[in-house]
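Student: Residues per chain are reported as follows:
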Amino acid sequence: MQKELEMSPLLEAQNVSKYFGAVTALREVNLQLWPGEVLGVVGDNGAGKSTLMKVLSGLYPPSKGNLFFDGMKVQFNSPRDARNLGIEMVYQDLALAGNLNIAENIYLGREPKRKYLGGFVSLFDHKLGLKMAKDHLDNLKIHVKSVEQKVEELSGGQRQAVAIARSIAFKARVVIMDEPTAALAIKEVGKVLDMIVGLKDRGISVVIISHRMDDIFYVCDRVMALYHGANFSESRLKDTSRSEVIGWIMGTKENVRELAHDRVQ
Amino acid sequence: MTGFSKTEIDNEAPWHVRMIPFFDRYGILIVIVVMCLVLWAMQPEVFLSWRNISNIFKQTAANGMLSIGMFLVILTAGIDLSVGSVLALGMMTLAVSNAAGVPWPVVLCLSPFMGMLAGFVNGIGITKLRMPHPFIMTLGMLFMARGLANLISGGVPYSGLPDPVRFLGSAQIYLGEFDGTRYNIPVVFLFTIFVYFIFWILLEHTVFGRRVYAIGGNPEAARVSGIDVDRTLIIVYTICGFMAGVAGLIMAGRTNSGFPNAGQGMELEAIAAVIIGGASFFGGRGQVLGIFGGVLIMGLIRNGLNLNDVSTFWQQILIGGIIVLAVFIDVLRRDWGTRS
Numbered sequence: 001m002q003k004e005l006e007m008s009p010l011l012e013a014q015n016v017s018k019y020f021g022a023v024t025a026l027r028e029v030n031l032q033l034w035p036g037e038v039l040g041v042v043g044d045n046g047a048g049k050s051t052l053m054k055v056l057s058g059l060y061p062p063s064k065g066n067l068f069f070d071g072m073k074v075q076f077n078s079p080r081d082a083r084n085l086g087i088e089m090v091y092q093d094l095a096l097a098g099n100l101n102i103a104e105n106i107y108l109g110r111e112p113k114r115k116y117l118g119g120f121v122s123l124f125d126h127k128l129g130l131k132m133a134k135d136h137l138d139n140l141k142i143h144v145k146s147v148e149q150k151v152e153e154l155s156g157g158q159r160q161a162v163a164i165a166r167s168i169a170f171k172a173r174v175v176i177m178d179e180p181t182a183a184l185a186i187k188e189v190g191k192v193l194d195m196i197v198g199l200k201d202r203g204i205s206v207v208i209i210s211h212r213m214d215d216i217f218y219v220c221d222r223v224m225a226l227y228h229g230a231n232f233s234e235s236r237l238k239d240t241s242r243s244e245v246i247g248w249i250m251g252t253k254e255n256v257r258e259l260a261h262d263r264v265q
Numbered sequence: 266m267t268g269f270s271k272t273e274i275d276n277e278a279p280w281h282v283r284m285i286p287f288f289d290r291y292g293i294l295i296v297i298v299v300m301c302l303v304l305w306a307m308q309p310e311v312f313l314s315w316r317n318i319s320n321i322f323k324q325t326a327a328n329g330m331l332s333i334g335m336f337l338v339i340l341t342a343g344i345d346l347s348v349g350s351v352l353a354l355g356m357m358t359l360a361v362s363n364a365a366g367v368p369w370p371v372v373l374c375l376s377p378f379m380g381m382l383a384g385f386v387n388g389i390g391i392t393k394l395r396m397p398h399p400f401i402m403t404l405g406m407l408f409m410a411r412g413l414a415n416l417i418s419g420g421v422p423y424s425g426l427p428d429p430v431r432f433l434g435s436a437q438i439y440l441g442e443f444d445g446t447r448y449n450i451p452v453v454f455l456f457t458i459f460v461y462f463i464f465w466i467l468l469e470h471t472v473f474g475r476r477v478y479a480i481g482g483n484p485e486a487a488r489v490s491g492i493d494v495d496r497t498l499i500i501v502y503t504i505c506g507f508m509a510g511v512a513g514l515i516m517a518g519r520t521n522s523g524f525p526n527a528g529q530g531m532e533l534e535a536i537a538a539v540i541i542g543g544a545s546f547f548g549g550r551g552q553v554l555g556i557f558g559g560v561l562i563m564g565l566i567r568n569g570l571n572l573n574d575v576s577t578f579w580q581q582i583l584i585g586g587i588i589v590l591a592v593f594i595d596v597l598r599r600d601w602g603t604r605s
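Chains as they are written, first to last, in my numbering: chain G, 1 to 265; chain B, 266 to 605.
For reference, chain G alone in the conformation it holds in the complex:
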């Protein structure tokens, strides 16, 4: 790609390894994410996808290897460090507090504050939080009855929408999503996928882990496969096929037609 020659990747992992005790979860994995790109990461259970995402979002420090953001070498000691650079993660279990309302969830950890008594007392600004959340959701065309609704009262798709809205509430440049459609009712999957496309339209780069080929082939520009914790293969989406990608997940580059359980072209 011509673009790739002149630009540096927005986020890059070089030879990243991750060990948990004697277990090697990642073995010298490389990943590049280009500006405005949606990258799909596939692999079987235990292939290391989630571990890689947690390394990229600052939850796990890599045992070996380096991360680069915007061409600069970076080191994350916590998700907060990654966040400060604009790298956000949407977790598989959504990581929302059901007992709090939508607005409080969106600004959890980055609450709007208001200072009283000359800065001596700093209180949580409920009003501003509600207004910011409402404007933000309106802007994303997410319709909820009220931003004061508790998250536990929402459907799976609405929760996912809140989780995604939360990830881009501040100046996000990369959003990493772990199985964003796994817990959803079929009718809500499409809406969430459209939201992901919407992120791309806003110039945000997205990394998405999914088992569902439909998701990958609907939203991604490029797909990479991990196998047993190492890079296996990658390709631009238009140069590959579902059965080939399914083959990669199972660790083979040949005879995919016989292996693939869904023989969709």
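Treat the hints with care, since some could be wrong.
[To be verified] DMTMM-like, lysine to aspartate or glutamate: derived pairs with alpha carbons at most 25 Å apart: (1) G:K171 with G:D93; (2) G:K150 with B:D493; (3) G:K73 with G:D93; (4) G:K127 with B:D289; (5) G:K54 with G:E28; (6) G:K54 with B:D493; (7) G:K113 with B:E469; (8) B:K393 with G:D125; (9) G:K200 with G:D135; (10) G:K171 with G:E254; (11) G:K64 with G:E28; (12) G:K115 with B:E469; (13) G:K200 with G:E179; (14) G:K150 with B:D595; (15) G:K127 with B:E469; (16) G:K113 with B:D495; (17) G:K191 with G:D138; (18) G:K115 with B:D493; (19) G:K115 with G:D125; (20) G:K171 with B:E485; (21) G:K54 with B:D495; (22) G:K253 with G:D221; (23) G:K134 with B:E469; (24) G:K150 with B:E485; (25) G:K145 with B:E469; (26) G:K113 with G:D138; (27) G:K73 with G:E28; (28) G:K191 with G:D93; (29) G:K54 with B:E469; (30) G:K145 with B:D600; (31) G:K191 with G:E179; (32) G:K150 with B:E469; (33) G:K145 with B:D289; (34) G:K131 with B:E469; (35) G:K150 with B:D289; (36) G:K150 with B:D600.
Because the hints were derived from the structure by calculation, they are not lab data. Here the structure is a predicted model, which is why all the values come from computation and not from measurement.
Starting from the known structure of chain G, fit chain B onto it as the hints suggest.
Tutor: Relative to chain G, chain B alone:
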């Protein structure tokens, strides 16, 4: 991007689900009003007398302090079993140091300070020593604090405290005389109102408070949101210990003494008040005003049973039954009110 259709507790929900918000808001108030009516009907002369009412407030103040601290802990889905013993430790430190001739301004601060220290140790144990459950650490503290209280006092009560130390627990403000009755308002009642107001501000209007709720709702979500969960928990347990120390100061003032077996079983009464007050053992649920109601209900039960000469054995059975009922109601409201 498309909108999502509205799906919340709507009008088609069965009646018992639609009633949840109503009972969340007014349930405790209804219980208190009913209890007052029943007690008034049973003891019309005594129950509503000013003396009895101010007695209820005096007797429940210590439990009120323990309960609001316990509430903070239970909000994080934790538990603090040590508050009764920590109360005794604070009380004995106060009484022993007073007997040793320590000046009263220092004596006054010692009980809350010891409480804070014990709570801080609890917090460190739960987070940094990675105890599997707060139950373990605070159970350990229950024994350690009680042992320390006995150790420093030699296991005997100390009585006689200077007035400034007794002020919070025993002073009254004279309001006036009306129909031959002297009306006094206990200082500790005003203090309780003040403390609950501060906790209300803390929990509803500070970032710290909202984060305490978030940790109770989903600790993982709080952690990945960049909230320092360990630090918040240490602060929570320290505050809980501090309140136990304040309860020790109040009880020392009221009884004009320190006795090493003070507060035995009070941790359970505090837990009971918090649960009756609408907090959830699962964390993240409950309001300060509800806890105030829970403390009042516990006080009214005791007062009512005492006024009617019911034996303490029956009191225990009744309070036990009420705790089970309150938790069962919590389980039901969770089942009905949460989407799966």
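Student: For each hint, tell me whether it holds in the structure or not.
Tutor: Each hint tested on the structure:
Pair hint G:K171 plus G:D93 holds up; C-alpha atoms about 23 Å apart against a cutoff of 25 Å. In summary, the hint linking G:K150 to B:D493 is supported, as the alpha carbons are separated by about 23 Å, within the 25 Å threshold. A C-alpha spacing of about 30 Å is found between G:K73 and G:D93, which places the hinted pair above 25 Å, so the restraint is violated. As the CA atoms of G:K127 and B:D289 are separated by approximately 23 Å, the hinted pair is consistent with the 25 Å bound.
Restraint check for G:K54 and G:E28: satisfied, since their Cα atoms lie roughly 15 Å apart, inside the 25 Å limit. The hinted pair formed by G:K54 and B:D493 meets the criterion: a straight-line CA distance of about 18 Å does not exceed 25 Å. Under the criterion of a C-alpha separation no larger than 25 Å, the hint pairing G:K113 with B:E469 is consistent with the structure, at around 13 Å. Between B:K393 and G:D125, the direct Cα distance comes to roughly 32 Å. Violation of the 25 Å bound is thereby established for this hinted pair.
For the hint linking G:K200 to G:D135, the alpha-carbon distance of about 20 Å falls within 25 Å, and the restraint holds. Note on G:K171 and G:E254: the hinted pairing is violated, with a Cα-Cα distance of about 43 Å set against a maximum of 25 Å. For a cut-off of 25 Å, the pair hint linking G:K64 to G:E28 stands: about 8 Å separates their Cα positions. Simply put, G:K115 and B:E469 have alpha-carbon atoms about 15 Å apart, close enough for the 25 Å limit, and the pair holds.
Using a Cα cut-off of 25 Å, the hinted pair G:K200 and G:E179 holds, with the two alpha carbons roughly 17 Å apart. Simply put, G:K150 and B:D595 have alpha-carbon atoms about 17 Å apart, close enough for the 25 Å limit, and the pair holds. For the hint pairing G:K127 with B:E469, the CA-to-CA distance comes to about 13 Å; that is within 25 Å, so the pair holds. Our distance criterion of 25 Å between C-alpha atoms is met by G:K113 and B:D495, whose separation comes to about 22 Å.
For the proposed pair G:K191 and G:D138, the alpha carbon gap of about 16 Å is at most 25 Å, so the pair holds. Simply put, G:K115 and B:D493 have alpha-carbon atoms about 22 Å apart, close enough for the 25 Å limit, and the pair holds. As the CA atoms of G:K115 and G:D125 are separated by approximately 9 Å, the hinted pair is consistent with the 25 Å bound. Restraint check for G:K171 and B:E485: the C-alpha separation of about 23 Å stays at or below 25 Å, so the hint holds.
With a CA separation close to 20 Å, the supplied pair G:K54 and B:D495 stays within the 25 Å bound. Among the hinted pairs, G:K253 with G:D221 is consistent with the structure: their alpha-carbon atoms are about 20 Å apart, no more than 25 Å. For the proposed pair G:K134 and B:E469, the alpha carbon gap of about 20 Å is at most 25 Å, so the pair holds. A C-alpha spacing of about 18 Å is found between G:K150 and B:E485, which places the hinted pair at or below 25 Å, so the restraint holds.
Only pairs whose Cα atoms come within 25 Å are accepted, and G:K145 paired with B:E469 is accepted, the gap being roughly 23 Å. Proposed proximity of G:K113 and G:D138 is supported: the alpha carbons are some 22 Å apart, at most 25 Å. Taking the CA atoms of G:K73 and G:E28, the gap is near 17 Å; set against the 25 Å cutoff, the hint holds. Restraint check: the Cα-Cα separation between G:K191 and G:D93 comes to about 18 Å, which is no more than 25 Å; the hinted pair holds.
Between the alpha carbons of G:K54 and B:E469 the distance comes to roughly 32 Å, so the proposed pair goes past 25 Å and is violated. A hinted pair counts as satisfied when its Cα atoms are at most 25 Å apart, and G:K145 with B:D600 qualifies at roughly 23 Å. In summary, the hint linking G:K191 to G:E179 is supported, as the alpha carbons are separated by about 15 Å, within the 25 Å threshold. A distance of roughly 15 Å separates the Cα atoms of G:K150 and B:E469; the hinted pair therefore holds under the 25 Å criterion.
Taking the CA atoms of G:K145 and B:D289, the gap is about 21 Å. The hint holds against a cut of 25 Å. Between the alpha carbons of G:K131 and B:E469 the distance comes to roughly 18 Å, so the proposed pair stays at or under 25 Å and holds. About 14 Å separates the Cα atoms of G:K150 and B:D289, which keeps this hinted pair within 25 Å; it holds. Proximity of G:K150 to B:D600 is assessed by CA-CA distance (about 16 Å); at most 25 Å being required, the pair is judged to hold.
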